[in-house]
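Peer 1: Protein chains in written order, with this note's numbering: chain A, 3 to 371; chain B, 3 to 371; chain C, 3 to 371; chain D, 3 to 371; chain E, 3 to 371.
Note that these hints are calculated values from the structure, not bench results. Please note that a few of the clues may not be correct.
In this list, chains with the same sequence are indistinguishable; a pair is considered to hold if it fits within one copy or across any two.
Below are the DSS-like pairs computed for lysine-lysine, each with C-alpha atoms no more than 27 Å apart in a straight line [what the hints assert, rightly or not]:
1. 202 with 32
2. 84 with 167
3. 202 with 284
4. 32 with 284
5. 202 with 84
6. 332 with 94
7. 43 with 169
8. 169 with 284
9. 69 with 85
10. 97 with 284
11. 284 with 85
12. 32 with 167
13. 43 with 284
14. 84 with 111
15. 202 with 97
16. 144 with 43
17. 32 with 144
18. 94 with 43
19. 84 with 169
20. 85 with 111
21. 43 with 332
In case you want the letters, here they are:
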Amino acid sequence: MLKLRRKRKIKQSDYKRLTPPGAAPGTLVKAPDATMTTVRKLAWGGTSPLAEGELEDLNEIQQLFEKHLVSWIDVRGLGDLKKLRQLGDICKLHKLSLEDVVSADQRPKVEEYENYLFLVIRMLESTDTTLAIDQLSMFIFKDHIVTFQSTENDCLEPVRARIRKGKNRIRNAGADYLAYAVIDAVIDAYFPVLEEYGQKIENLEARVLENPESSLIAEIHELKRDLIVLRRNIWPIRETLNNLIRDRHPFITDETQIHLRDCYDHALRIIDMIESYRQTCKDLMDLYLSLVSNKMNEVMKVLTVISTIFIPPTFIAGVYGMNFNTEVSKWNMPELNSALGYPLCLGAMAAIALSVIAFLYSRGWLRSS
Amino acid sequence: MLKLRRKRKIKQSDYKRLTPPGAAPGTLVKAPDATMTTVRKLAWGGTSPLAEGELEDLNEIQQLFEKHLVSWIDVRGLGDLKKLRQLGDICKLHKLSLEDVVSADQRPKVEEYENYLFLVIRMLESTDTTLAIDQLSMFIFKDHIVTFQSTENDCLEPVRARIRKGKNRIRNAGADYLAYAVIDAVIDAYFPVLEEYGQKIENLEARVLENPESSLIAEIHELKRDLIVLRRNIWPIRETLNNLIRDRHPFITDETQIHLRDCYDHALRIIDMIESYRQTCKDLMDLYLSLVSNKMNEVMKVLTVISTIFIPPTFIAGVYGMNFNTEVSKWNMPELNSALGYPLCLGAMAAIALSVIAFLYSRGWLRSS
Amino acid sequence: MLKLRRKRKIKQSDYKRLTPPGAAPGTLVKAPDATMTTVRKLAWGGTSPLAEGELEDLNEIQQLFEKHLVSWIDVRGLGDLKKLRQLGDICKLHKLSLEDVVSADQRPKVEEYENYLFLVIRMLESTDTTLAIDQLSMFIFKDHIVTFQSTENDCLEPVRARIRKGKNRIRNAGADYLAYAVIDAVIDAYFPVLEEYGQKIENLEARVLENPESSLIAEIHELKRDLIVLRRNIWPIRETLNNLIRDRHPFITDETQIHLRDCYDHALRIIDMIESYRQTCKDLMDLYLSLVSNKMNEVMKVLTVISTIFIPPTFIAGVYGMNFNTEVSKWNMPELNSALGYPLCLGAMAAIALSVIAFLYSRGWLRSS
Amino acid sequence: MLKLRRKRKIKQSDYKRLTPPGAAPGTLVKAPDATMTTVRKLAWGGTSPLAEGELEDLNEIQQLFEKHLVSWIDVRGLGDLKKLRQLGDICKLHKLSLEDVVSADQRPKVEEYENYLFLVIRMLESTDTTLAIDQLSMFIFKDHIVTFQSTENDCLEPVRARIRKGKNRIRNAGADYLAYAVIDAVIDAYFPVLEEYGQKIENLEARVLENPESSLIAEIHELKRDLIVLRRNIWPIRETLNNLIRDRHPFITDETQIHLRDCYDHALRIIDMIESYRQTCKDLMDLYLSLVSNKMNEVMKVLTVISTIFIPPTFIAGVYGMNFNTEVSKWNMPELNSALGYPLCLGAMAAIALSVIAFLYSRGWLRSS
Amino acid sequence: MLKLRRKRKIKQSDYKRLTPPGAAPGTLVKAPDATMTTVRKLAWGGTSPLAEGELEDLNEIQQLFEKHLVSWIDVRGLGDLKKLRQLGDICKLHKLSLEDVVSADQRPKVEEYENYLFLVIRMLESTDTTLAIDQLSMFIFKDHIVTFQSTENDCLEPVRARIRKGKNRIRNAGADYLAYAVIDAVIDAYFPVLEEYGQKIENLEARVLENPESSLIAEIHELKRDLIVLRRNIWPIRETLNNLIRDRHPFITDETQIHLRDCYDHALRIIDMIESYRQTCKDLMDLYLSLVSNKMNEVMKVLTVISTIFIPPTFIAGVYGMNFNTEVSKWNMPELNSALGYPLCLGAMAAIALSVIAFLYSRGWLRSS
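Only chain A is shown next, with the shape it has when bound in the complex (with noise of 0.2 Å):
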């Protein structure tokens, strides 16, 4: 379980800046490790059928969004500089708002901008191996979307299927409701992940009560600084849907609201299990703690009971194996040669022996605990 557990480590980078310190603001630099940008479209209602696939010419968008009433421009990979910025005209998103997405490095929040909503929340990839978190950036507008994400793998699927299985209320509805879907998809992704986290809990509860072993610290550790990252993350997400709901924007219809405040509930939940699960290793690392210590007072007293029981009679035990010569003087070791010598001198290693453990038996160390 170890082992998975390593290979399923967060990767995150860390809010690590591109854009040098000092730079002018909305310059773009381009990660290391970002990757080719492809644009996708998703387009649906008025009269045209639902339009997917891959947008080869940029220009093809302002066309799209007139002939659909829904559209979703969905790019993935932001390796590709000059494609974004042409998107960024076309769709006339602001500089600095540009200058968030291709950083991938920004805290969840929401801007208001003349003529569109800049949302930012961070969702996890899971996948068998690995789990990271990477940036979604989304704009909003009065009829379309526009969503950017480092790589080519979501957990958006979903809500596509639901798109094109078409007569549903995604179809229906417009570009607000169509926002909620994502961020439902993003928060809802959250969950699985964390019952996973829950079950390792469990797990290393039952291991840590059984024995306490030394490997188990570090698992403990490293969960709670993947629940660390988790909630750097989480956490500015609560704060940003609750600036959605509160702030009510035309684009926003009553219906969509409702469905808002429901994520918001969810967003919560999940807040909720990070900050008791963070308690719950907080309670292991000290229940650990408490069973070492108890284990060492345990390993003492087994040492402390043999020594205090063995060491006076072997002292006495070596007296009389001293080389004194009785011949010499009659104070020389007399005891060697009298006749009850050896017998007494049992007695009295005996009697020495049996007083330490009444002795200790009254402390209560004989008792096992």
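Once you've looked at the hints, dock chains B, C, D and E against the given chain A.
Peer 2: Showing chains B, C, D and E alone in chain A's frame:
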């Protein structure tokens, strides 16, 4: 006692999401352990007598509402999605609310819809051997309420008994008062459970002080976990009730408002209790660690006292147990042949032991602490 | 001192609910240890002289209110539910308030009703041997107050004495000033108790620094528990007074308002004291643990010093105490027959012991720390 | 250094109430250590020259106010209750304020009365050997201020010097500026004391890292206590100044307002410093414990290394020191009579010791850490 | 790595007040390490070309302001109080602000004056060998800014480079945009330093897990201290920027407002990073302590295992090494003359040792953990 406690460990699905991430909002998913759905009615007021019993045909509901002043539709078991959807249509419940009801993983909250208030709280179901937390979802309409819970047994029986008895406040008041009575019963059910935890803590405290044995750590830890779970369930109830009181809704009369304020006070008291229990558990862990640390110190002192007293004389005995040939030269162990060798040797041993004892006494290690 | 403290351990029913969960609101349940109810009057102003004494017939009350400008109905013992209900009817107290009075498990709070303010605070009843926390429930009407408490002795005697003395502010002011005087007396009664705790902490601190003996842990722990209980009782009083001051009520004059502000300051000071005592207790536990840890280090060092000095020479002595037959071959212990065997052997022992001492000295273990 | 620090231990009466609980509000009680009261005047502006000196007759005050534009009545020592009451009457101070002045146990606060602002702050009186906290009570009127303090020496001397020098801002501004100057001097007096604490902490840090000896714990603990006391005194000053700035009072001019904002910044800085010192002290305790824990580990390792190397060979030596009669049978210790018995025995001992050493080396216990 | 870190230890005067307590407000005191003051100009816009260079005569300033649209007066070194006072007079800076500039010990803040905004932030000056925190004081006027810093080198060089380059946003925008650019550069300079700390923490984490050696504690402790210092400097910047954004000032255009919001997000991210680093450092210390505790347990177990196995047989060997005279009586050590004495004795020893080993095995102490 421990056994009982283990048996009564809190079972909670830990906000486990049923709906897969990205599913359309309002998708109902049956929980794997969902039980059959039964719908009960309880209606009174108007010219008809008190109506109680299972509702076989959901279409009776509309008629029920018309014939009585106040009705309570009481749904138990969330396994029959078809029935639930039908009920949702009849009572005009929002799809999202219905999803929250079925997934039964909601944070306590209150939401205002056009025709009703939707309230989620979590209720303790305590029997002799189990202690489970279930979601109670309640829709408060102008003249009826609809409640949903996942199991048959609950803590609302006293409320129903009061309704059956007739001729009391609850029979003369409206649906808002009924809703209050339900909330009150749910919150009050926390008190006996928390009092039980209070007694467990006192019990543990006494046992830790008497003998800090190793099994206690696991018990304290389990208590801490249970309190974290309880806290996570109770904490948002406070907020929920506060919202209910602050944002006065037309359905809620002034008199019920006063009663809800009382409920809110009870929730605050429960939170106070949980917070101080958590603090006490933390202090208990510290106490345990201090006592173990102290016991170890004690053990070490006994070992050190015995060792330091006997090790030097044992060395001397060893020296005079050596077999150097005294006849070869006068340098070889002349003491052995000296007339007072043995008494002087014993004297030296005693002198060393006594000076060690004096040293230990001066350090205060021979006084019991 | 410990004994005294144990005797004075805080007794508190820990918000124990009397009414069973789900009971109708306003149900009065007699506490198992409730004492007989006596109702006292204290009224002045108007043309009649000061009226004081037990009220045998509750119907006198109405007359009392009419004849005097200010009246104080002072109820002690909550055992006679019939009498309390009768009093509630005469004074027109809300059923819910009366339930709060009788169950005596309320969080401090202030509630506004149509004709009166209902205030609950918790008062310390400190005698030489006990320290209990009791609930004081007070109904503040325009020209009279009604107070309820569960026992005979309280901390309000000085207020009554001031009333009896006559010709002072309290005799000339209204019921609002009387209510203030009662609150002030209750809050001020916390000061001497907290000062006692302050002295206990200083005393403990001195004893921990002098000799961190095991019994001190239990004392610190008990102190921490008492402070948690006190805190839980005092903390909501702050909020309660703040509400009373902020939401100005027509009964409360400007002058009384100033006095209540003073009360509020006192409550803040009490909270400050409790918080810093709690912090100090926590620091004290850390101090204790550090000192024990240090002592253990000291003990271990002595054991290690003695052992490492004597174990190697003892081994050498053991070697030359072996009985190999030197006559069989020249390889068998030739040292025994060497002329300088013994002195060289002793020299070797001394050399080893000295080099160990030098090593230990270089590590600084021979210096006392 | 320790000695000096002990001498300078903060003396504070810890909010000790003088007035007995339940006493009438406004009751003045003389503190047991109260010193004689002297009243000084300092007045300027108008046609009269600067007036300074002790006020023998309090009735001069009215005249003083009339003749000068700004006056400062400076009362030191709170022992003469009669004089204080007389002063209170002349200056029309509220009875409750006067009680707060005399009991000298107030939390810093500002209260608005009809004619004046009543301000309480706590000032540090630092001499070479003592460090005490005293209450400074100030009544700010339109054209004069009245200050009260319990001792002769204070930190306001520089303000008085500036007034005497004449021809500067303070001589040309009003009473509000004078009040600001006093507050500023009181707050600035915290800086050198806190810088001293900062140096103590750095000093302690260096000593802990060099040699974590036992006496340091007590020093860290004392520092922590002092910081708790300082924090409790400074923290409410922030709130007090904030209230003073927010609730603009007609006496306070715009210019003084700017100066008060500066004062508020200083208070924030002091709180920042105390908070980070407290954090550092906590870290220091952790550092200490880690180092002691490490040292103990080191000690245990030496003991274990020596013991495990020598115990097995010593046992072998003991075996061949036994006196079984080899002549009785060939089973009795034939090794003793074997020609190579001794060298083989020594070899066995060496082999065992070396394998133990190899084992310990593989565990890394022979490398110094 | 440690050495480098030591060299780069954060130097900070820890808010050391220069002005003595009680000094008149506005008193300028020269810091002991203050360097010579140089005043530079950087002005553009209008008909004149870009003006850059040192300002020899401060009277040129007025002319500079008239000839250019935007000017930046850039003062470095705070040693020449006369020059600073003259500059203050020319630019009409408030005396209190100037005191704040010179004492260079301010908390980050923004203050609104009649003609200008006064902003204080603290900037990191990072070179290869040092890491210092300096105060940047900035006066923002309608068409010029004045900045003060205590040293020559700063993190604003990229901003100046952008100005020199010409034909970009900064050359076409007003003084408010210039101020934003300066703030942005200061805040962005924290990122590389924090990333360095992040790497240090990861490095330390790996080393602690590999071998928890004693020197690491001091490193973790130093890291914690540095983070406390950084936090104290960054935390109020958040508040400052928030104030700047919330209280919209006429100078600040809408566009700059958007840019400042971006700055504010960066400050939040820095605080997030510091908070999680602090948490990780705390966890690291716990990890260290757990590992040391575990190691000690391991050491103790080895000692106990060896001791308990060998102490009892050694005692038996001691017994049969005693020299009681077997010829005196048949009670004296008859075993010595028994034919199977020796093998039985060895067998007994082996039996005891094996049963001890079995006992230890059953406790799990022989398995490596």
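Peer 1: All hints, please: hold or fail.
Peer 2: Against the structure, the hints:
Taking the shortest Cα distances, residue 202 and residue 32 sit within 27 Å of each other only across copies (25 Å), while inside one copy they are farther apart (37 Å). In this assembly of identical chains, residue 84 and residue 167 lie within 27 Å of each other by CA distance solely across copies; the values are 23 Å between and 34 Å within a copy. For the homomeric pair residue 202 and residue 284, the shortest alpha-carbon distances inside one copy (14 Å) and between copies (22 Å) are both at most 27 Å. In this homomeric assembly, residue 32 and residue 284 never come within 27 Å of each other (Cα to Cα): the closest approach is 39 Å inside a single copy and 35 Å across copies.
In this assembly of identical chains, residue 202 and residue 84 lie within 27 Å of each other by CA distance neither inside one copy nor across copies; the values are 44 Å within and 36 Å between. In this assembly of identical chains, the alpha carbons of residue 332 and residue 94 never lie at most 27 Å apart, being 116 Å within a copy and 104 Å across copies at closest. In this assembly of identical chains, residue 43 and residue 169 lie within 27 Å of each other by CA distance solely inside one copy; the values are 19 Å within and 37 Å between copies. For the identical chains of this complex, residue 169 and residue 284 are neighbours neither inside a copy (49 Å) nor across copies (54 Å), given an alpha-carbon limit of 27 Å.
In this assembly of identical chains, residue 69 and residue 85 lie within 27 Å of each other by CA distance solely inside one copy; the values are 23 Å within and 42 Å between copies. In this assembly of identical chains, residue 97 and residue 284 lie within 27 Å of each other by CA distance neither inside one copy nor across copies; the values are 44 Å within and 40 Å between. Proximity of residue 284 and residue 85 under a CA criterion of 27 Å is satisfied in neither setting, with 47 Å inside one chain copy and 45 Å between copies. In this homomeric assembly, residue 32 and residue 167 come within 27 Å of each other (Cα to Cα) only across copies, at 23 Å, whereas the closest approach inside a single copy is 37 Å.
Taking the shortest Cα distances, residue 43 and residue 284 never come within 27 Å of each other, neither inside one copy (47 Å) nor across copies (47 Å). Taking the shortest alpha-carbon separations for residue 84 and residue 111, only the intra-copy value of 26 Å comes in at or below 27 Å, while the best inter-copy value is 40 Å. For the identical chains of this complex, residue 202 and residue 97 are neighbours neither inside a copy (43 Å) nor across copies (34 Å), given an alpha-carbon limit of 27 Å. For a Cα distance limit of 27 Å, the shortest separation of residue 144 from residue 43 inside one copy, 17 Å, qualifies, whereas the shortest one across copies, 47 Å, does not.
In this assembly of identical chains, residue 32 and residue 144 lie within 27 Å of each other by CA distance neither inside one copy nor across copies; the values are 30 Å within and 36 Å between. Taking CA atoms no more than 27 Å apart as the test, residue 94 paired with residue 43 passes inside one copy only; the shortest distance there is 17 Å, against 37 Å between copies. Within a single copy, residue 84 and residue 169 get their C-alpha atoms only as close as 38 Å, which misses the 27 Å cut-off; across copies the closest is 21 Å, which meets it. Taking CA atoms no more than 27 Å apart as the test, residue 85 paired with residue 111 passes inside one copy only; the shortest distance there is 25 Å, against 41 Å between copies.
Neither within a single protomer nor between protomers do residue 43 and residue 332 lie at most 27 Å apart by alpha-carbon distance, with minima of 114 Å and 99 Å respectively.
Comparing the model with each numbered hint stated earlier shows that hints 4, 5, 6, 8, 10, 11, 13, 15, 17 and 21 do not hold.
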